[in-house]
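Model the full structure from these sequences, guided by the hints.
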Amino acid sequence: QKEVEQNSGPLSVPEGAIASLNCTYSDRGSQSFFWYRQYSGKSPELIMFIYSNGDKEDGRFTAQLNKASQYVSLLIRDSQPSDSATYLCAVKPGANSKLTFGKGITLSVRP
Amino acid sequence: GAVVSQHPSWVICKSGTSVKIECRSLDFQATTMFWYRQFPKQSLMLMATSNEGSKATYEQGVEKDKFLINHASLTLSTLTVTSAHPEDSSFYICSAIAGGLDTQYFGPGTRLTVL
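Each protein sequence line maps, in turn, to chains A and B.
Counting from 1, one number per residue, gives the positions in the first sequence under the working numbering.
Counting from 1001, one number per residue, gives the positions in the second sequence under the working numbering.
Since the hints were derived computationally from the structure, they do not count as laboratory data.
Beta carbons: idealized from backbone N, C-alpha and C, even for Gly.
All the pointers check out, no bait thrown in.
Listed below are the simulated EDC-like cross-link pairs for lysine to aspartate or glutamate, each with C-alpha atoms no more than 16 Å apart in a straight line: (1) Lys2(A) - Glu1059(B); (2) Lys98(A) - Asp1102(B); (3) Lys67(A) - Glu5(A); (4) Lys98(A) - Glu1059(B); (5) Lys42(A) - Asp83(A).
Facing chain B, a subset of chain A residues (Cβ under 8 Å, in silico): (6) Ser32; (7) Leu99; (8) Phe101; (9) Lys103; (10) Gly104.
These stretches of chain B come out as covered by chain A in the derived footprint (C-beta under 8 Å, 3 or more residues): (11) 1043-1052; (12) 1105-1113.
Following this line, the structure appears as structure tokens:
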């Protein structure tokens, strides 16, 4: 069974700190990796996607991928209270195939 | 990014009635759409994969006769919950990808309450 594991959480950080969210996956053939943010009562919103090993930065967000270790992470710099949400890691083996989601980790940013 | 809409955003119905939920890709053509269900404080659960012009592929344990999916065009997929019961009350979310994109974009979701 292909699995995506995320830290159990919840994770609490003070405003302005770096939040580090981690995810591991079991399917070594996975090609695409996504991070979604879901506010309570809302649907998931795409934050970032990454396909290649290394770092990908977008504003305060950095996705990191290490295919050898089957590990993908999301760093949120200068965390804000508005970043408080559940973050979902998702993995899929190829284009037009279904995503496998982790259970999500809830982040709380303390003012 | 691509925009996916859902209608209605919420619906309340009586037990035994059927409810149709629409999912539309607004600025792209979606060859594949997905339907998810999410109960409070639980993970997303994939119900089925909907491909334009063909029958949907249902996940194990999802009743295809209860959750009817129709993907009649490249911009519209519908989910009909037939003979709804209170246990079907949930947050139903669709997502869509296009042939040339490798990313799923989610609709805003439909909250179904069955009385």
